[in-house]
Every structure is written in C-alpha cells, then in structure tokens.
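Enquirer: Chain by chain, the residues:
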Amino acid sequence: MTRNQAYKLVGYIVFTVEGEHVMRFLQMCQQHYIPIWDLEKERLNRITCKAYYKDAKRLKSLAKQMDLAFETSIVNGLLLRIVDSLKKKAFLFSFLFSFMVLFALSNIVWTITYSGVPTNLEQNLEKQLHKHGLYEGAFSFNLVSLDVIQHEILNEMPSLLYIGIEKKGTSYHVAVIEKLNEKKAEENDTKELIAKKSGIIEKMYVTSGISLVSVNDYVKKGDILVSGDERKLEEDGTDEKDVKEREEMTVEGEVFAQVWYEVDVETPLHIEESRLDGERKDKYTLGIGSFVLPIPNYNKRIFTDEFTSVDKEAIYFLKWKTPIQLYHKSIYNKVTLESEKTVEKRKQKAIEVALNDLLLKTGNKTELNTYYILHETVSNGKVKLKLYVNLIEDIT
Amino acid sequence: MNIMNKVMRKFTKPASDNEPSSYWMKPTITIVGKSEIRVDQQYKLLSFTEQEIIIQLQSGSVQIVGAGFMIKMMYINEIIIKGNIAGIHFINDMKGEKK
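If you read the sequences in order, they're chains E and D. Here this note's numbering is used: the first residue of the first sequence is 133, the next is one more, and so on. Here this note's numbering is used: the first residue of the second sequence is 1258, the next is one more, and so on.
Be a bit skeptical, because a hint or two may be false.
Listed below are the simulated DSSO-like cross-link pairs for lysine-lysine, each with C-alpha atoms no more than 30 Å apart in a straight line [what the hints assert, rightly or not]:
1. D:LYS1301 to E:LYS182
2. E:LYS173 to D:LYS1291
3. E:LYS182 to D:LYS1329
4. E:LYS189 to E:LYS140
5. D:LYS1329 to E:LYS192
6. E:LYS466 to E:LYS514
7. E:LYS192 to D:LYS1301
8. D:LYS1339 to E:LYS173
9. E:LYS518 to E:LYS329
10. D:LYS1301 to E:LYS189
11. D:LYS1301 to E:LYS173
12. E:LYS192 to D:LYS1339
13. E:LYS173 to D:LYS1329
14. E:LYS461 to E:LYS444
15. D:LYS1301 to E:LYS140
Computed from the model, here is a short list of chain E residues facing chain D with C-beta under 10 Å [said to hold, decoys possible]:
16. MET155
17. GLN159
18. GLN162
19. LEU176
Restraint-style ranges between C-beta atoms, simulated for each label pair [unchecked claim]:
20. E:ILE214 to D:GLY1325: 35 to 43 Å
21. E:HIS153 to D:GLU1293: 24 to 32 Å
22. D:GLU1293 to E:LEU237: 52 to 60 Å
Think of the hints as simulated: they come from the structure by calculation, not from any bench. We put the beta carbon where it would ideally sit given N, CA and C, even for glycine.
With the rest of the complex left out, here is chain E (with noise of 0.2 Å):
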C-alpha cells in the first residue's frame, strides 16, 4: 500500500471510462502495469478512478483502442502545480523579481558598529570609512577588499594602532585600537639605554636617567648608555635603602652616534622602466567553483602592454554565502620607457638609491653625515660601487 503514497505529490487524475467493455480495459490497465485506485462502480458500464498523471496518455489509448468514453475529472499534484505555476509568467516574474529584491537587500550594507574608537576619531574614521565606499546604504559590491581599506586607514590615519573590519552578513564591525595606549605600556617598561650599533656618539637628549656617557665617546654595541640604576655611578654605595628607591626610576631619551655602513651598488647602463599611465578597463566574472561566467564588457580599447590586478568579492544571500564569486579584474596601461644614460649619470642614481634605502632601513631620525666611494667599476653594462656612508641614527 505504501507504493502509491506519493500520489498526492507526484500527481494524479480522477478519471471516468464508459462504456461496453469496461472489464476488458480493467484487466487491459492491470497488464500494462498501470497502477489504479479507489475504483468505483457509478453504472453499469461506467467507472471512475484514479491513476498516476504520467499514466495518462496510455489510459486515454487504451479506452480509444476499446470505443470507451473517457474523461477527466481532476488533474491533481503538487510538482504539477509547481510547474502549471512556473508556466504562469506573470507568477514566474513575480517570483524572479522577488528574488532579486531580496537578494539585492541582502548585499547592502545595513548597519556598521564601532568598538574601541575614541570619541575623537570617530567623525574622522565614519569620513575615511565612506571615502572608501563603507557606508550604511552602500551596496557590497562596489566596495574594494576589507583588507585594502584597512590598510588605506591605517595609513591615512596614524593615531592608529590597528583597525579590523569584520563582514556578519549585512552588517560590519569596525575595531580599532589607538596608538596612545601601545606607547604609554611601552615606554613604562625601559629600565635602561643600550647602544644597539658600534659607533662615536655626535649628540644625546636624555629626559629621564643617569647618562653612563658622554658626547664624542666611542660606544660599542650592547653598551649600557643610559640607565635608571643608581649602583652604575655609585659603586662604593652609601645608603642601601637609597640605592633601591633609585633602582626603579625608569629611561627616557636618545643618543645620536655616527655609525658607518659600507655598501655594495650595481646598476645597469641600459634601463627599462615601466609605468602605469592612468587608463584602465574593468573586467567583471562570476565564478563557481572552477566554473567562470563573463560579464559582457562594452569597453573593447586595446592595451598594447597591460598590468592586471584581480579582486575577490564573495556573494552572499541573507547572511549565507553563496558559492558565486564576483571577480573584478582592472586592467591598466603599461608604459615601458627604455633609456641609456652615461655612467656619471647612472652612478648618481645608484648612490642615490643605496642612500635612501639606506636611510629608510635604519629610521626616520636618521641623517646623512657624510659617504665616500671606496671603490668603482664599469663592466658587463653595469657600473659597481662600493660606498663608505657615515650616518648619524639613534642607536638606542
């Protein structure tokens, strides 16, 4: 009996057959594995019952093969609603367009919350934040990665320690921590100055501390320059009690020292540099899986070089994530520009380069003092260089 449960979902018709040989076409519908049920006597020779909706086609030829009557009373089932449903376009487009309402809500961003912002920079954060396309009522699609735009704000901003921007669904949760706290925990700690490089000391500005040396000493690294401990100046000791009060008093300060690098430089005579002169075409796909859909693109200009960069946008439905992938691919104009210039020229360059790497490498606080060339050659369309930099850092 469990066998025709499933009428009611897959669908049945209720059907009625008249005429002389109804019991020929009972036993006919038996042989051909027609399944029948709730078969009832109306007449003499007329019958109703129902069958399976895909067995009607042969039960309507059957009862034309014999010279029966045969009619259909009801057409019933869920999945033939469905599809009688989805052959109605005005319910199709209704429901198409309903999804696309809901789905195009639910990649809008609807609400962003703060933690860990000052009162301070929370007008300023809201103004970075909608610059780079996060506001509530932005759709999520046109906003670059998260990672992008905390990257952004974290170099717009300085006051910034951190900032972590969170996607829940529809909503986003900003995190931010100020720099002020990292350095007040920081700068609590430091018990005493210790000479991180080997070198003369050219200047020092010590705040808080006993400074151990003194300007034009020669100072070696891991020496002690300035320290918070009372016992480094007074190694007789006087009062015992006094020299632990003393023991706690913490250093603040900076000792400037010359400091000398010696540097290798190569660089070629025959240079290719490459830029990106602004013009730029979007490419946009969808993507599930190792499956790509093109967008069409009305934007057919050429590049004869090109530097592409592809950003990943997940497509989410309510709070869940879809396996579909939007890919924005921008494509900019790459410029190479060939040039030879002569080895005075080229040298220039390269001290110049290796001067400001080198500065960059070892802080902003750093001066250039003096730097000399060791030694020079021209070989192979290169010219080498060994430098002798003298630069003035803080070496604490």
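Since the structure of chain E is provided, determine the placement of chain D on it from the hints.
Expert: Below, chain D alone, put in the same frame as chain E:
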C-alpha cells in the same frame, strides 16, 4: 517534463519489478474485519459490481459477495477491495464446484 517523469517513475515503480518466488506464487488472501479483503497473487478481475466481485486466481476463482464494493487499489499482483463483505466463495474451475 522529462525530469518530472523520471521523478514520478521512482515513486510509481510497478509491482512487477519484484517477481514473486515460487512460495509467493500461492495466493494470499487477507481479510480485515468484514470491510476489507486483500489478494496477493497474479489475478484477473472477471467481474465487478457493487454487490459482487469475481477474481480469477491460478488455482481457481474467488467470488466475494456483499454490498457497496469499491476497489481501493489495483496493481498487477495485488488488489484491495473495500465494502461490506457478506461471503467469500472459492470456485474450483476444473470441477465447477463452489466451496
């Protein structure tokens, strides 16, 4: 509609797919109270009215008499009849006797 037919076929698999063994070739007649009778075997419906139903089985025929009969389900090897059953007669076709 092809997909739909495939789905429907799964649900409406004919009973003939499960061929009966020699044991099940023998008819099984189950009567539930006085209102339902079920016959499991290869059969042939010979006659059907509200008062009488005659089913031919391999070893003979069965005549069911009563009132308000309707066929609840009719498959290739199975038939379920509902109604007020007054009597069941087994007819041996070879001898033409009623039992």
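Enquirer: Does each hint hold? Answer for all of them.
Expert: Outcome of the hint check:
no. : hint                              : result
1   : D:LYS1301 to E:LYS182             : holds (19 Å)
2   : E:LYS173 to D:LYS1291             : holds (20 Å)
3   : E:LYS182 to D:LYS1329             : holds (10 Å)
4   : E:LYS189 to E:LYS140              : holds (19 Å)
5   : D:LYS1329 to E:LYS192             : holds (21 Å)
6   : E:LYS466 to E:LYS514              : holds (26 Å)
7   : E:LYS192 to D:LYS1301             : holds (21 Å)
8   : D:LYS1339 to E:LYS173             : holds (13 Å)
9   : E:LYS518 to E:LYS329              : holds (21 Å)
10  : D:LYS1301 to E:LYS189             : holds (23 Å)
11  : D:LYS1301 to E:LYS173             : holds (17 Å)
12  : E:LYS192 to D:LYS1339             : holds (26 Å)
13  : E:LYS173 to D:LYS1329             : holds (12 Å)
14  : E:LYS461 to E:LYS444              : holds (9 Å)
15  : D:LYS1301 to E:LYS140             : holds (28 Å)
16  : MET155                            : holds (7 Å)
17  : GLN159                            : holds (6 Å)
18  : GLN162                            : holds (6 Å)
19  : LEU176                            : holds (8 Å)
20  : E:ILE214 to D:GLY1325: 35 to 43 Å : holds (37 Å)
21  : E:HIS153 to D:GLU1293: 24 to 32 Å : holds (28 Å)
22  : D:GLU1293 to E:LEU237: 52 to 60 Å : holds (55 Å)
This entry satisfies every hint, going by the numbered hints stated previously.
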